[in-house]
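**Student:** Here the protein sequences line up with chains G and U, keeping their order.
First residue of the first sequence: 1, per our numbering; consecutive thereafter.
First residue of the second sequence: 1, per our numbering; consecutive thereafter.
Please keep in mind that the hints were generated in silico from the structure rather than gathered at the bench.
Please note: incorrect hints may appear among the correct ones.
Chain copies aren't distinguished; within one or between two, either way the pair holds.
[Claimed, not checked] As a list, the in silico DMTMM-like pairs of lysine to aspartate or glutamate whose alpha-carbon atoms are at most 25 angstroms apart:
| hint | residue 1 | residue 2 |
| --- | --- | --- |
| 1 | Lys153 | Glu264 |
| 2 | Lys43 | Asp294 |
| 3 | Lys114 | Glu142 |
| 4 | Lys43 | Glu28 |
| 5 | Lys114 | Asp245 |
| 6 | Lys188 | Glu152 |
| 7 | Lys153 | Asp15 |
Take a look at the letters that make up each chain.
Protein chains: 2
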Amino acid sequence: MSITRDQAVAMDVDDRLAPLREQFVLPEGVIYLDGNSLGALPKTTASRVQSVIANEWGQDLIASWNSAGWIDLPRRTGDQIARLIGARAGEVVVADSTSVNLFKVLSAAVRITKARDPERTVIVSERSNFPTDLYIAQALAEQYGYHLRLVEKEEIVDAINPQLAVLLLTHVNYRTGAMHDMAALSAKAHAGGALIVWDLAHSAGAVPLHVHADDADFVIGCGYKYLNGGPGAPAFVWAHPRWVDRFQQPLSGWMGHAVPFAFETGYLPASGIARYLCGTPAVIAMAALACGVDSVLAAEPYGGMAALRAKSLALTRLFADRVSTFAAEFDLAIVSPMDDALRGSQVSLACEAGGYAIVQALIARGVIGDFRAGDALQSADILRFGFTPLYTRFVDAWDAAWHLHEVLRSGIWRDACYAERHAVT
Amino acid sequence: MSITRDQAVAMDVDDRLAPLREQFVLPEGVIYLDGNSLGALPKTTASRVQSVIANEWGQDLIASWNSAGWIDLPRRTGDQIARLIGARAGEVVVADSTSVNLFKVLSAAVRITKARDPERTVIVSERSNFPTDLYIAQALAEQYGYHLRLVEKEEIVDAINPQLAVLLLTHVNYRTGAMHDMAALSAKAHAGGALIVWDLAHSAGAVPLHVHADDADFVIGCGYKYLNGGPGAPAFVWAHPRWVDRFQQPLSGWMGHAVPFAFETGYLPASGIARYLCGTPAVIAMAALACGVDSVLAAEPYGGMAALRAKSLALTRLFADRVSTFAAEFDLAIVSPMDDALRGSQVSLACEAGGYAIVQALIARGVIGDFRAGDALQSADILRFGFTPLYTRFVDAWDAAWHLHEVLRSGIWRDACYAERHAVT
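Input sequences plus hints: build the corresponding full structure.
**Tutor:** Next up, the structure:
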């Protein structure tokens with residue numbers, strides 16, 4: 001089944017979420033399908049950041065730590081994010097980067113398992129997980145004398161064995177957009193005696209999340225993708241209440257202290273998620289992130305994450321349906337799962353060659369996706385197209401597929417293949 | 001010796017650095033003496049950040065990682081800071097917070113000493129060091145089976161013994177403004193077989209620094225004090241070339257990988273200081289920091305850090321001289337060293353009671369200093385007055401002392417003492 005452009009336009013007319021797009025600055029003539037890498041700019045961000053800089057910093061200076069509530073930003077923005085991931089107020093803080101937060105929660109998870117079951121010394125993750133997660137896990141495993149074992153997606157369940165201490169998974173895969181079943185895998189990990197850590201980098205703001213109902217142990221997530229927090233925005237962290245006060249995480253900076261402004265000599269971790277803070281909050285960056293999270297929360301009157309999810313699935317299905325009409329002819333394969341329950345908010349296409357040139361040709365036409373080169377383990381090149389339901393229209397999905405077809409038909413990308421293969425590093 | 005207000009005004013007229021003040025937004029009627037806690041706002045910051053948000057993010061979106069050089073910000077801003085601390089281009093990166101960077105370098109220092117001399121298992125720091133440094137060191141010592149020993153300033157040299165692995169010192173003390181001799185203590189630590197880590201939080205941008213000439217092993221520093229980078233600005237880190245490629249630091253995120261965009265499964269640390277990066281750079285915050293560092297580098301045509309240092313010493317001396325004319329009468333003691341070689345860029349006053357009320361009364365008069373309560377170890381309350389030579393005038397120092405005298409003479413603070421003692425936590 002494939003629809004006409006007029007039908008796509010009609011879907012936009014009928015779309016109750018359409019007004020949410022008005023929240024964003026989007027460049028003229030651009031179809032932006034890379035919000036899974038860097039979310040678009042909310043219109044409120046510039047003036048909010050300007051006010052933080054000019055008024056709170058410039059005029060009120062040091063007093064703003066209290067008068068403007070700077071000191072509470074990690075908790076306040078964390079409370080906003082909690083509404084998007086099924087956590088409760090007071091359970092999430094914003095701090096540091098995703099990588100640093102993974103180090104914190106993985107350290108805590110390892111310490112918990114070490115204390116209760118020292119025979120379990122294996123951390124399992126997916127070979128196709130985002131590399132920074134694997135790098136952090138690898139160094140941490142070495143430090144604790146653990147072993148990091150990387151498996152394929154279909155091997156995960158079998159890897160839950162009596163040696164497993166922690167299962168570290170990214171909920172939606174960055175390359176393929178394939179989504180795990182958080183409830184099922186959390187239950188299996190727990191039944192097998194292990195803890196589970198979920199990276200929500202490609203999920204938060206894109207798909208409904210229920211960290212309590214799905215019984216995660218720890219989650220971390222990214223502020224600059226579907227949360228629209230700006231380039232390099234701070235990340236977030238949640239620990240299940242059953243673990244949050246067990247063990248301190250190793251980055252024991254003053255903001256995680258029980259009484260940071262008592263300037264005590266000895267470290268006493270705060271109770272609750274505040275102990276996952278470390279250094280002084282990045283105020284300007286957090287102000288931008290708060291605007292980004294607000295842009296997602298603005299969907300609440302329209303049905304919130306469930307409504308966004310329905311639109312996201314319709315967008316990715318429309319795009320994939322269109323692409324499927326010509327994919328085979330050009331040796332393209334849709335690698336994102338077409339089962340709605342297994343797909344995040346992106347569509348990834350695999351091609352044997354020419355992927356970089358195709359993406360460049362699309363960019364020249366104003367269609368912004370991105371390219372992830374294949375390697376020895378993941379041989380195919382990947383073209384990624386992210387569909388942020390807050391600001392992507394159905395006609396954008398239709399037009400993007402049309403442009404892709406045009407690029408492929410032009411053959412222009414074939415000439416670039418040889419050069420590309422020897423230029424991209 | 002004490003001067004008249006007219007003489008202070010004349011010193012400003014003669015001050016070759018006076019035009020540098022024009023770089024800053026400073027609120028009307030305020031004498032800002034808290035730049036040691038949060039530097040003032042450079043006039044360039046708002047428009048620079050606005051351009052990053054509106055143009056680079058809003059219009060160019062994901063392309064800006066390359067086209068706007070976002071990906072190089074940690075190194076570029078690091079190169080700027082290198083000029084202020086006596087490091088070479090390519091040796092400094094901006095990343096994360098001071099606390100997180102301390103965790104990185106202290107981990108590296110511990111690993112180096114563990115490999116070359118496993119009998120050395122003591123980390124020594126000052127009991128009066130800034131607490132976050134002690135907290136990070138405490139957790140790290142526990143993790144490695146080391147012992148964190150806290151000593152008084154005069155005990156440091158005797159603590160350099162065959163058990164010492166790492167000496168961790170903050171160059172300028174946050175409470176007293178007392179400054180260590182970096183060259184002498186680094187030499188003593190090395191002669192004793194130990195490594196030395198310097199925290200430059202209260203030094204960078206305030207006093208001349210020579211990390212090579214003074215033979216530091218690792219340094220970290222803060223972006224939001226004398227570097228004027230904005231609230232919670234990213235921090236910086238330097239490792240001596242003799243150590244930088246020895247051992248990886250434990251926060252092995254993708255930005256510290258040798259080839260981050262190859263998305264390899266295994267971690268291979270970058271050579272050089274880039275391996276001290278971890279997550280995605282905080283672009284907006286780094287843009288603000290770059291403006292702050294530029295505001296300090298703007299002193300280069302006027303003699304740079306040496307000229308700023310001369311002015312800073314003159315400012316703190318003027319203020320201390322004025323205060324010394326009435327301090328005894330009100331049981332105030334100047335606790336910052338009056339020997340120029342031993343004083344950073346602040347003047348701290350100790351008082352037995354009423355400190356909080358005094359600072360509040362000064363703030364009501366537009367003189368912004370700050371208050372650090374005493375505790376069991378450091379019994380006196382401290383009033384801190386930071387003198388950032390970039391934007392503080394001699395007449396400001398004179399007027400601040402005059403206002404302090406007026407507040408003390410009014411006696412208003414005495415009434416507040418009892419309430420304060422029972423309210424401040």
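**Student:** Each hint should be assessed against the structure and marked as holding or not.
**Tutor:** Going through the hints against the structure:
1. Lys153 x Glu264: between (47 angstroms within a copy, 18 angstroms between copies)
2. Lys43 x Asp294: within (11 angstroms within a copy, 29 angstroms between copies)
3. Lys114 x Glu142: Both: 14 angstroms inside a chain and 16 angstroms across chains, each within 25 angstroms.
4. Lys43 x Glu28: within (15 angstroms within a copy, 31 angstroms between copies)
5. Lys114 x Asp245: Intra 16 angstroms, inter 31 angstroms, cutoff 25 angstroms: intra-copy only.
6. Lys188 x Glu152: within (17 angstroms within a copy, 53 angstroms between copies)
7. Lys153 x Asp15: neither (35 angstroms within a copy, 68 angstroms between copies)
Hint 7 from the list above is the single one not met by this structure.
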